Amino acid sequence: MTLLLSSIVVGIPLIVLALTLERTKPRPRDLMPVVVLSALAIVGRVVAMPIPNFQPATALIVLTGFFFGRRAGLLSGMFVALISNMLMGQGPWTPWQMLAWSLVGYGAGFLGERISWGKAVIADKHKNTDIVKGEYGTDISDTSGKTDTRNNLQTKHRASRGITILFAVTVIYGAVASLIFGVIMDTQFFVAYAWESGWSGLIAALAMGLPFNMAHAASTLIFLALTLIPWGKKFHRLKTKYGIQSM
Amino acid sequence: MATIRTDKVEESPTHMASRTQCSIGEVHVRSLSFSYPESEVPTLSSLSFQAAAGDFILLCGQTGSGKTTLLRHLVPALTPHGQSSGQLEIGGSVGFVQQDPDNQIVTDIVFHELAFALESQGLATQIIRRKVAEIASYFGLEYLLEAKTHSLSGGQKQILNLAATLVAEPDILVLDEPTSELDPIAAQNFLRHLARVNRELGTTVLCCEHRLEEVLEMCDKVLLMKSRSSSSKDAASRAKGLGIQSYTPKDFVESCRTENQNFALYLPEPTRIALASAEISAKIDRYATQEAKPETNKEQACRDWPLDVRSGRRWLKSTYSLLAQASSNASESEATTAKAPAVKLKATTIPNYPESSGRQSKGNPSVISKSNLSIITIRDLCFRYDKAEPFILKYLNAEFSPGQTHGIVGGNAAGKSTLLGLIAGIYKPQLGKIRKDKNLRLAALPQNPKASFVCDTLAEDFYSLGASTSPEEVLQIAQDMDIVHLLDQHPYDLSGGEAQKAALAKVLLTKPDILLLDEPTKGLDAYAKQEVGHIFDRLAAQGKTLIIVTHDLPFAARHTQTCSLLANGELIAQDQTHNFFLNNSFYTTPTNRMTRNIIDGCVTVNDALEVLNPK
Amino acid sequence: MQVGRSYRGYSLERRFALLHPVAMMLFFAGTIVISLISYHPVILGLSFALAAISVAYYAGIKALIQSLSWLGPMLIIVILFNTVFNRRGATELFTIERFQMTFTQESLLFGISVALMMAAIILWFRLYQEFMTSDRFLYLFAPIAPTLALSITMIQRWIPLTKYRWQQIRNADKMLSDCSSSYPASAQSDTVHDAATQKSKGRHNRVTRFAPYKSLTHSLSALMSWSMEDAIQAADSMQARGYQANTGNRDSVRALNSDSDGEQRAGTVHKSPSKKAFRRTSFRYFRFISHDAVALALIATLALLAGLAIFFSTRGLAFFPIYRGAEDLSITAALAASLLMSFPLLLEGKEQLRWRLSAQTK
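Chains as they are written, first to last, in numbering that gives the first Met the number 0: chain A, 0 to 246; chain B, 0 to 614; chain C, 0 to 361.
Since the hints were derived computationally from the structure, they do not count as laboratory data.
Do not rely on the hints blindly, as some may be mistaken.
What the hints assert, rightly or not - Label-pair restraints from in silico Cβ distances:
hint, chain 1, residue 1, chain 2, residue 2, range
1, C, E96, A, M213, 30 to 36 Å
2, C, S329, A, L209, 56 to 62 Å
3, B, D536, A, V175, 56 to 62 Å
4, C, M73, B, R195, 55 to 61 Å
5, C, A296, A, A206, 46 to 52 Å
6, C, S357, B, K386, 35 to 41 Å
7, A, R22, B, R195, 53 to 59 Å
8, C, S68, B, R191, 50 to 56 Å
9, C, S357, B, R309, 53 to 59 Å
10, C, L17, B, I571, 46 to 52 Å
11, C, F311, A, R22, 39 to 45 Å
12, B, A566, C, W354, 42 to 48 Å
What the hints assert, rightly or not - Derived BS3-like pairs (lysine-lysine); straight-line CA-CA distance at most 25 Å:
hint, chain 1, residue 1, chain 2, residue 2
13, B, K543, B, K437
14, C, K162, A, K232
15, C, K173, B, K510
16, B, K130, B, K147
17, C, K173, B, K427
It should be emphasised that the depicted structure is a prediction, and the values quoted were computed from it without experimental measurement.
Glycine residues also receive a C-beta, built at the ideal position from the N, C-alpha and C atoms.
Pulled out of the complex, with its shape left as it was, chain A reads as follows:
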């Protein structure tokens, strides 16, 4: 009975969310990042299935939200849960996962909008790398590149500090969001199958899920740490080259 009720409770906001997103009508161009990154996340989740809870899906949803906007994050969260479960097996957990992941994506999008300066820094670094490459093979480019290395060093220093903060904030957000995702899913377990055992049961359920959630958070942390800056640069390039807008 609780499972039925909780599914309804979770299902209604999901339906409302879906209908709201439906009305935004994104351009195909702006929708493509969601499609590509969701597909990537789904493949990642399915491939990483043998290792419990160690998967890149959450990190990819965070990246989608962070770089392509709140709605992109929401959509991506919903799609990843729904479609990966089409491959791995649907269940009463699907609506919960959809909601939890879209919240993660939405939060990332919100964060991305708040620290849009951070993305500017990444974009800046994108430009800087060209100069760095110039130093790499001085014999390739002209030798005048050496004279203003001091200038470059200064801007690089400033950029690197900005990047460190941005990096830390986002990566920590990813880890915390994974934990929250885990908590939501553990709550689902409790509500559906053990609600008669009261608060001690809830705490026990959360405690039992902790190692798995930690693994999840660690995987998100590692994946975000590895991809945030390089992928940010790549996203920036794609956005300017093809005029992709955040959703």
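Using the hints, position chains B and C against chain A.
Coordinates of chains B and C only, in the frame set by chain A:
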């Protein structure tokens, strides 16, 4: 792939070309100019051309001449953003088919893909059902309707793209290099479908295409886009060089002899042979006048350029008969004995091979006989991807000798790429052995160059190989490949030829002794192909062993020393390239098919020209 | 769990697969809701048994065993969890003094009931997966949210494409890294082993130890870039085929529409010949025929009947503090529930019977 900047967001209002309707199926472009937002040089400058309803128009031009930009102007939804002026009159709706078969498919099931355009039009299910069924029957896709789009072959995918575009009944069809990613047989099939659409439905077709072999004979008009000549420095004179010229196919061939010589390489092989041996006509002229040959005959022989093998054979025969007469005249007059044509005329029944024995020396026959010298020996190789699947390779035997270029040709899904993967060690054979020298370093070039780039610039990508790559090496190889100016670019911004060279450079940085190349000419135009071919020749001359898997028979004929056919899971007829193609009657180069039983021993255009045009 | 399931599986040849998705969806919804309404052992047992038989019949014994094999541990966890943490029962089984933990019969029973329910639901979802393929799901979903439905279709198209590209990139990378890592070793093999080379070798070893991970992230980046770059072409292809053109007039594939500013940005002067905006339709694969109407009516009646009967007759069921009310279930409830849950099997039975009969008349 061309860099296309569309829909730039924060852009001040710009001047636009006016766009109006005209009668259905017609296209009138009047002095269209266009430049991209951040570029000072116009990409298109006052281009004018027109197409009548039902025309099949071929658009030609070298890489970077703005073909894609022009074609995109014809599709309202894809008009690139920038400064433009002029008039565009387009009659009716436009359908657009792009280059890559995979990337245009949006949905996962064929049925849905065909319905996509109709869904966008907001049609009712009943109408969609009918139209989808209709178009599927027209293109013979009925049996694939419920298939996953991913399971189709490249050729099927591109035909699906054509069908999915045509289902909306466009009046004008615009195609941007639709066959460049297909193997020759799939490309032929696609172009036949295209010709059928043009003939049977009267749809106006504007097609940009490198593969003139097929298109030239089916098109009504050739539009040639002149690219800016890199020699002229100032923008004004560069812009002047731009323009578009319209020819009939025959005129176009004729013009390739005179003003557009750099396009001759794009022409079909029979045409190239006929064009390049044009001075024969001068000889015939000289001899024929003695006999007072009717002028018309000579005209026909020289002006009616052959466009395919059939007309090529006719041309060759008539040229021969004229030559024969000329030579008999010449021997009678005795005055010109020294100038008698050095052409071996074939008696109608008795075969003679005076040339072929001499030509065989090209491919050094001694090497192939010494099998103990081979560096890769494959014995009874069997392989399949899954226990439930049939064997792709069955008891395959092969030997590859060092310092040579080996070609492996064969149909689609014959297992060519699988064989390369096995040699490279990506897959493990289920049965049999691949013996290779352990000290030799192997490297493989993937079929799609995109698979080999991982970084944001080419230079970074080269350095990502590891600590063992020094800047000097990178520079050296970049110079060899002529890609120094591209080192700071993003790998995905390169054109097909550039990307292929860059991928090759990356592979070469690992200093391999054996290079495995999977379809290295895919998506390249004739020039890029020639360039890549020369690089291969140079590598072979440096003592590297190359194994090339390809569909491109003329390429294999030119740039490999041994060749073999992979069919039914085994390598058949591993032989010297020259003999290989001479002994094939169907699976051989157009030149060989054209000259068969008329001149012997011709496989490549150069072979034929050596006979026809001796120095 | 099979990931790369073929589009037309064995079970899709069955009679139940011919049912219209609406009727099918109602069947699954009804069955699952009825299994959730109460913890009555008879209903749960019935649900579990019929789900297991159905899965075995349609997806094969292997699929059933596979499902049960990962279901098993979960069920044990659920039973243990409820037994350990629930202390509301009255009948004591045993107590562990040291932790002051009392295990009660009621909590064990409750745990078993919940586990049975979980197993039944998961098996029903397994059957759902067998029949509610993505095209059926999208058929139901597309009229409500066409854009989202299209996005789901596109993601499904991109999944195999992503896998394929990953394979290509990994193969290319494998070849390159094999080659570049073997190089220093072979170059050093014939040099004198002095301290310097040893040191550099050590450094080299460290580099190669992390190289696989580095190349993995490189490959991932490449996969993303490649997919994104090519996806733009798909977006173009969608627009070229009139997506979001918002007009049904075929003389203008695209017309300006006031509410889609994205289109205006492409910025061409274009006379819109028709102001009438069309809504994107979605093609429907399935037709609703009279058989479906009968099946739908049957399923709806059975579900409603079973649901109401179970709800009202098992209100007295309680686990805590003392288990009671298990004998209250009405015959109607049990009958309706079992009829509903065996609906697909009955359908197959009818089909088999008809075959037999037609074979005899021949």
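Could you work out which earlier hints the structure fails to respect and list their numbers in ascending sequence?
Structure breaks hints 2, 7.
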